[in-house]
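Novice: For reference, the chains in residue letters:
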Amino acid sequence: MITRNNIERIAYPLIGVVLVLALWQLVCVAWKMPESVLPTPMNVALAIGKYWPALVTEGWVTMKATLYGFALALLLGIPIAVAVSMSRWVNLMFYPPLVALQSVPKVALAPILLVWLGTGIESKLAIAWLVAFFPIVVDTAAGLQSTPRDLLELGRSLKATRWQVFSMVQFPAALPYVFTGAKVAVTLAVIGAVIGEFVGSSDGLGFLLLSATSQINTSLAFAALFALSVLGTIAYLLVVVAERALSGWLPPPLPKH
Amino acid sequence: MPFGSVQGARKIFLAKERGGGAHEDLVALDDASFDFEAGEFVSLLGPSGCGKTTLLRMVAGLMPRSGGSIMVNGKDVDGPYGDYGFVFQAPSLMPWRTVLQNVLFPMDVLKRNDAAARNRAHELLALVGLADFASSRPHQLSGGMQQRVALCRALIHAPKLLLMDEPFGALDELTRLEMNDLLLNIRKETGASVLFVTHSISEAVYLADKVLVFSRRPARIVEQLTVNLAYPRSQAVRFTPEFTLAKRLASEALGIVAPTAAGGAH
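Protein chains in written order, with the numbering used here: chain H, 15 to 271; chain S, 84 to 349.
Source of the hints: derived by calculation from the structure; they are not laboratory data. Ideal Cβ placement from N, Cα and C applies to all residues, glycine included. Be aware that a few hints might be false.
Which stretches of chain S does chain H cover? Using the computed rule of at least three CB atoms under 8 Å from a CB of chain H, they are [what the hints assert, rightly or not]:
1. 158-168
2. 171-182
3. 186-197
Computed cross-link-like contacts, DSS-like style, restricted to lysine-lysine with a CA-CA straight-line distance of at most 27 Å [as the list claims (entries may be wrong)]:
4. S/Lys158 with S/Lys194
5. H/Lys64 with H/Lys78
6. S/Lys158 with H/Lys173
7. S/Lys271 with S/Lys158
8. H/Lys173 with S/Lys194
9. S/Lys243 with S/Lys158
10. S/Lys194 with S/Lys243
11. S/Lys243 with H/Lys173
12. S/Lys158 with S/Lys293
Generate coordinates for the entire structure from the input sequences, incorporating the hints supplied.
Specialist: Quick look at the structure:
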């Protein structure tokens, strides 16, 4: 339905983009920037058109590493968060080292992972997984530990088993937190995949970007950057779509406390 | 034998349990004793933070007591026992369940969510005027409507006892009056005993057969008032001399009105 509000929501961002592009073009022309330093928006658009097949092929490689790494992070992160929140022992033994591990710059692990896993998709996937894993664990655990007290008491008053309390109360109540973590994680997974490609790879958008700059084809590098941001947006939207699909079941955003 | 009996119930929060650098034990409730009969409506009236809620949670078996005895329906209370409905201050509904599913939550836990349970859920929703909202989501309802759903949830497993912790405290005055009449009607329909925590004097009197008046901390029951007003009650009762007298006696027991000759005449 076309309403005044919808038009505003589409028109204003478009005007914003056009203004930024115009400014960019102006800077290039006014300072007579060489294309190898800062290509004009038109140069970049032409590069996107020229290298379109390569951008799609390499983008798909990066997308696969991103999504596989992200899926693996979900698959492992959620059970670990559950274990950490449900068992005091597991929490005491593993949560502090987990949090300590989080402070390790994951980029620094990339060369090591490359040694272990080679230059194929495995090492990209591993790095994407590693950076996406922590927000999922931390947010899911936070969600499981912030179940409204009344609901826990209600379960207790009915002599609910631990499993009933978990499956009927704690986990559904934590789902909005899981999605918060997932949204952060999926954008980090893109970064992880690109880092993997930077460190050692023969394909992917990260590789394309590196080889473009080494050939001083700055327009192509910008085109690769553009493709990366499109890829990141698509990955993020996939999570948002999943969240929407569950929104009949998910709580609406909780009131801020 | 009374349906429920609380004898010398005490609750002391030890300094080490309280945390936050507390050095002294806190006596939250000191030597509370009262009985209640099957179907009786008892209001627990007192200032905020005076241990009424503590007593209610001890009767529910949700909190261990530090001393005394609590018997409900012939059994000693030493943990949650399921045969009561609990209504909290906030509706505390599950946003991912529909209204009907929220009402049926206890039946899911008790593994008795069958056709009979669903029928009863619809009956209860009709009783509180929410028949048309069974498939709505909690956030689509107003605060008063949500609390009515919580009331249905507390009643779905046909408990003999209803424990209510300032359930209407967050509602506006008019909604609250409406909820009071609704609750009296439900009590009549179900025959459940009710323990009702409140800090509203007129609400305590309007609803109850008996009002227990609590002092400030360490809380003690300073007065047990019998309200001599026949049921069914209607809002007009609030303007009778008997109602005013009962409110006056409760106010005197709370220490907010000086005792008078009239106060001594009960």
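Novice: Does lysine 243 of chain S pair with lysine 173 of chain H here, judged by a C-alpha cut-off of 27 Å?
Specialist: It holds: about 17 Å lies between the C-alpha atoms, which stays within 27 Å.
Novice: Hint check: lysine 243 of chain S vs lysine 158 of chain S, CA-CA at most 27 Å. Holds or violated?
Specialist: Holds - the C-alpha atoms of lysine 158 of chain S and lysine 243 of chain S are around 13 Å apart, at most 27 Å.
Novice: Three or more residues of the stretch 158-168 of chain S near chain H by CB distance under 8 Å?
Specialist: holds (count 4)
Novice: Measure nothing beyond the straight line between the CA atoms of lysine 271 of chain S and lysine 158 of chain S; if it is 27 Å or shorter, mark the hint as holding.
Specialist: holds, 25 Å
Novice: Take the C-alpha atoms of lysine 158 of chain S and lysine 293 of chain S, compute the straight-line distance between them, and say whether it is at most 27 Å.
Specialist: Holds. Lysine 158 of chain S to lysine 293 of chain S sits at ~23 Å (cutoff 27 Å).
Novice: Can you confirm whether chain H covers the stretch 186-197 of chain S, using C-beta to C-beta distances below 8 Å and requiring at least three such residues?
Specialist: holds (count 5)
Novice: Are the Cα positions of lysine 173 of chain H and lysine 194 of chain S separated by 27 Å at most?
Specialist: holds, 12 Å
Novice: Using C-beta distances, would you say chain H covers the stretch 171-182 of chain S, given that this needs three or more residues below 8 Å?
Specialist: Result for this restraint: holds, n = 6.
Novice: Take a quick look at whether lysine 158 of chain S and lysine 194 of chain S sit within 27 Å of each other, Cα to Cα.
Specialist: holds, 24 Å
Novice: Please work out if lysine 158 of chain S and lysine 173 of chain H have their alpha carbons no farther apart than 27 Å.
Specialist: holds, 16 Å
Novice: Would the pair lysine 194 of chain S and lysine 243 of chain S pass a check requiring their Cα atoms to be no farther apart than 27 Å?
Specialist: OK: lysine 194 of chain S and lysine 243 of chain S at ~19 Å, within 27 Å.
Novice: Verify the proposed pairing of lysine 64 of chain H with lysine 78 of chain H, using a straight-line Cα cut of 27 Å.
Specialist: holds, 23 Å
Figure legend: structure checked against the earlier numbered hints; every hint is met.
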